[in-house]
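A.B. asks: Chains as they are written, first to last, in this note's numbering: chain A, 1 to 331; chain B, 332 to 566.
Among the clues, some could well be false.
[Unchecked claim] So the derived list for chain A, only partly shown, Cβ under 7 Å to chain B, looks like this:
#1 D23
#2 I24
#3 G25
#4 L192
#5 R239
#6 H241
#7 T265
#8 G274
#9 V275
#10 R303
#11 V313
#12 D315
[As the list claims (entries may be wrong)] Some chain B residues close to chain A (C-beta under 8 Å, calculated; not the full set):
#13 A360
#14 R361
#15 L364
#16 P368
#17 M399
#18 T400
#19 I405
#20 A409
#21 Q411
#22 A415
#23 F485
#24 H489
#25 P493
#26 P543
Derived by calculation from the structure, the hints in this document are not laboratory data.
The beta carbon of each residue, even a glycine, is placed where N, CA and C say it ideally should be.
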Amino acid sequence: MIEIVETGPFNTVQDLGRPGYRDIGVSASGAMDPLAMRIGNILVGNDEGAAGIEVQTFPFSLRFDRRTVFAVTGADGDPLLDALELLPWCAYTAEAGQVLELKHPPTLARAYVSIGGGLDVPSVMGSRSTSLRGSFGGNAGRPLEKGDRIAFGNSTDLAPVPANGLAVIEPAVALREVFPDLVDGALPVRALPGGEHALFPDDGDAFWSQTWKISSRSDRTGYRLSGEPIKPTASIEMRSHGIVPGVIQVPPGGEPIVQMSDANTAGGYPKIAGVIECDLWRLGQARIGSRLRFVRSTHAEARAVEQAVARYVEDVRTTSGMVKRALRAMA
Amino acid sequence: MIATLNNHTPLREIVSAAQGRARVSSIGARSFLLEAPGEFDLAAQRRIWALSQAVGGWPDIAEIVPGMTNLLTIFQEAPQDPEAVVVRLLEAWDNARSIDLDGKTIEIPVHYGGEHAVDLPALCDIARLSDREIVRIHHEATYRVFALGSAPGFGYLHGLDPRIYMPRKTVPSLKMAKGCVTIGGMQTGVAMLTGPNGWNSIGFAELQMFDPASPKPAMMAPGDTVRFVPARIEL
Chain A
1 MIEIVETGPF
11 NTVQDLGRPG
21 YRDIGVSASG
31 AMDPLAMRIG
41 NILVGNDEGA
51 AGIEVQTFPF
61 SLRFDRRTVF
71 AVTGADGDPL
81 LDALELLPWC
91 AYTAEAGQVL
101 ELKHPPTLAR
111 AYVSIGGGLD
121 VPSVMGSRST
131 SLRGSFGGNA
141 GRPLEKGDRI
151 AFGNSTDLAP
161 VPANGLAVIE
171 PAVALREVFP
181 DLVDGALPVR
191 ALPGGEHALF
201 PDDGDAFWSQ
211 TWKISSRSDR
221 TGYRLSGEPI
231 KPTASIEMRS
241 HGIVPGVIQV
251 PPGGEPIVQM
261 SDANTAGGYP
271 KIAGVIECDL
281 WRLGQARIGS
291 RLRFVRSTHA
301 EARAVEQAVA
311 RYVEDVRTTS
321 GMVKRALRAM
331 A
Chain B
332 MIATLNNHTP
342 LREIVSAAQG
352 RARVSSIGAR
362 SFLLEAPGEF
372 DLAAQRRIWA
382 LSQAVGGWPD
392 IAEIVPGMTN
402 LLTIFQEAPQ
412 DPEAVVVRLL
422 EAWDNARSID
432 LDGKTIEIPV
442 HYGGEHAVDL
452 PALCDIARLS
462 DREIVRIHHE
472 ATYRVFALGS
482 APGFGYLHGL
492 DPRIYMPRKT
502 VPSLKMAKGC
512 VTIGGMQTGV
522 AMLTGPNGWN
532 SIGFAELQMF
542 DPASPKPAMM
552 APGDTVRFVP
562 ARIEL
């Protein structure tokens with residue numbers, strides 16, 4: 001068991017999501033930074049899709065009731081185990097009774113706690129993710145609350161983790177080549193023109209050239225962007241159609257909405273563009289109030305980034321497996 | 332939360348895609364939306380159902396989401412040649428014959444009027460009909476489930492009598508109750524979640540239509556026939 005000692009609102013149990021049910025109106029949900037969740041799970045010896053905790057309001061702390069391996073990935077800032085500073089992106093062993101604490105991270109938005117064996121909440125429609133809109137999945141279909149106790153599985157891989165931890169080079173560093181850094185303080189987010197792009201004047205220039213700010217009316221469902229409103233040349237209402245996270249819709253007010261993990265499954269607003277999927281984790285780590293710019297991309301570039309991410313994940317899996325086997329042999 | 336319906340201009344035309352030819356656009360790098368040309372009608376939807384069956388069997392598809400005379404296809408990865416995907420989708424559309432899905436008939440008992448029918452008076456004004464006539468027109472029609480979406484188990488129903496079309500609200504109701512029987516433009520449906528909703532409520536249905544624990548979570552499926560049966564009329 002873990003027991004939630006302290007939590008802010010909207011921290012939830014998530015995994016890689018519940019795809020496959022959009023056709024009956026069910027959002028996929030899942031981690032806002034799925035790459036961090038995958039790496040965390042690999043570090044603790046879980047399947048990539050095991051359930052962990054997404055922490056997006058801090059401080060957060062939990063107590064382990066038995067010895068287990070855990071890792072904190074995603075956000076920057078050092079987690080604390082019984083007040084001892086640890087590294088993020090690093091697997092450690094916690095003893096029964098120890099308390100893990102996450103303070104507000106310096107720059108990023110969301111931290112992921114992965115626990116050996118994964119959180120043992122019921123799988124609903126193939127996933128342990130919390131569907132906040134549908135009030136099902138995860139921990140009773142709701143955010144975590146102080147005092148919640150959640151079982152975790154028995155790790156099949158309680159391999160020895162070195163006392164000083166087993167770390168990984170975080171994606172922002174390891175994948176620097178394919179994920180460009182901030183430009184003048186704005187996160188570059190790659191996107192492809194969407195179905196109604198042509199409705200916006202000057203080839204959507206006002207959309208691509210300005211710096212947008214993530215408004216406070218943003219959450220796991222969508223990011224509302226504030227800036228100079230953009231208006232289509234004609235006012236249309238589309239027939240309802242399926243949408244996916246990353247779609248950038250422009251409601252009549254002219255301030256775009258980027259649908260995120262809890263994206264609605266259907267939409268009708270004009271779509272000016274769509275964020276390429278491999279950039280969504282960076283958007284998931286962008287905080288309210290931070291700034292971003294959209295950069296025109298191509299299918300070829302999206303594919304190249306997807307492949308670089310896949311190589312990185314495979315490398316982490318292979319290397320951490322090798323290290324653990326070596327440690328086991330020495331034990 | 333993000334309200335998905337706000338500030339809709341009333342009476343805005345629901346436009347069709349390009350006339351004649353279907354249109355394909357992309358959302359991000361691995362999702363493609365095909366929009367049928369022409370009218371918003373059962374004939375177009377039957378072809379979308381046929382297209383869904385064909386495309387759903389492609390080996391490189393992760394997921395398909397049939398919409399209202401359109402189909403979103405989500406591929407497993409960003410395609411090497413997006414133009415080839417567009418061509419494949421358009422060819423599949425050209426080859427799609429009309430099929431009729433073998434649906435079941437669902438009867439939904441409705442309490443017309445009453446506390447949840449907050450938009451019935453406004454509909455009377457727009458339609459220039461009495462509340463009694465509106466209720467009769469609504470429950471005498473037979474509806475087809477075109478597609479599901481927007482909320483778990485929510486069915487977009489086609490077959491609303493044009494006399495009681497009513498545009499979506501400019502300012503949505505902030506907390507419309509789950510179970511409200513609503514009209515949105517030329518469509519009708521039953522609200523599946525309590526929350527912001529721009530459709531217009533004329534009654535209430537008690538029926539449980541989504542159960543995540545069930546092997547078939549959604550009661551409605553595309554192709555089903557829906558009849559609203561007045562359980563109580565309170566005007």
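A.B. asks: For every hint, state whether the structure bears it out.
C.D. replies: Verification of the supplied hints:
1. D23: Where the cut-off is 7 Å and the nearest Cβ of chain B is about 5 Å from A:D23, the hint holds.
2. I24: At about 4 Å, which falls below the 7 Å cut-off, the nearest Cβ of chain B leaves the hint on A:I24 intact, so it holds.
3. G25: Holds - the Cβ of A:G25 comes within 7 Å of chain B, reaching about 5 Å at its closest.
4. L192: holds, 6 Å
5. R239: OK, holds: A:R239 within 7 Å of chain B, min 4 Å.
6. H241: holds, 4 Å
7. T265: Cβ of A:T265 sits 5 Å from chain B, so the hint holds.
8. G274: It holds, given that the least Cβ distance between A:G274 and chain B is near 4 Å, below 7 Å.
9. V275: holds, 6 Å
10. R303: holds, 4 Å
11. V313: Result: violated, 14 Å to nearest chain B Cβ.
12. D315: violated, 19 Å
13. A360: Holds, because the Cβ-Cβ distance from B:A360 to chain A comes to roughly 3 Å (cut-off 8 Å).
14. R361: holds, 6 Å
15. L364: holds, 6 Å
16. P368: violated, 12 Å
17. M399: holds, 4 Å
18. T400: Cβ of B:T400 sits 6 Å from chain A, so the hint holds.
19. I405: holds, 6 Å
20. A409: holds, 4 Å
21. Q411: Constraint on B:Q411 satisfied, holds at 7 Å.
22. A415: violated, 11 Å
23. F485: Given a least distance of 5 Å, the restraint on B:F485 holds.
24. H489: For B:H489, the interface hint is violated, since the closest Cβ of chain A sits about 11 Å away, which is over 8 Å.
25. P493: violated, 17 Å
26. P543: holds, 4 Å
Taken one by one, the earlier hints fail for this structure at numbers 11, 12, 16, 22, 24, 25, listed in ascending order.
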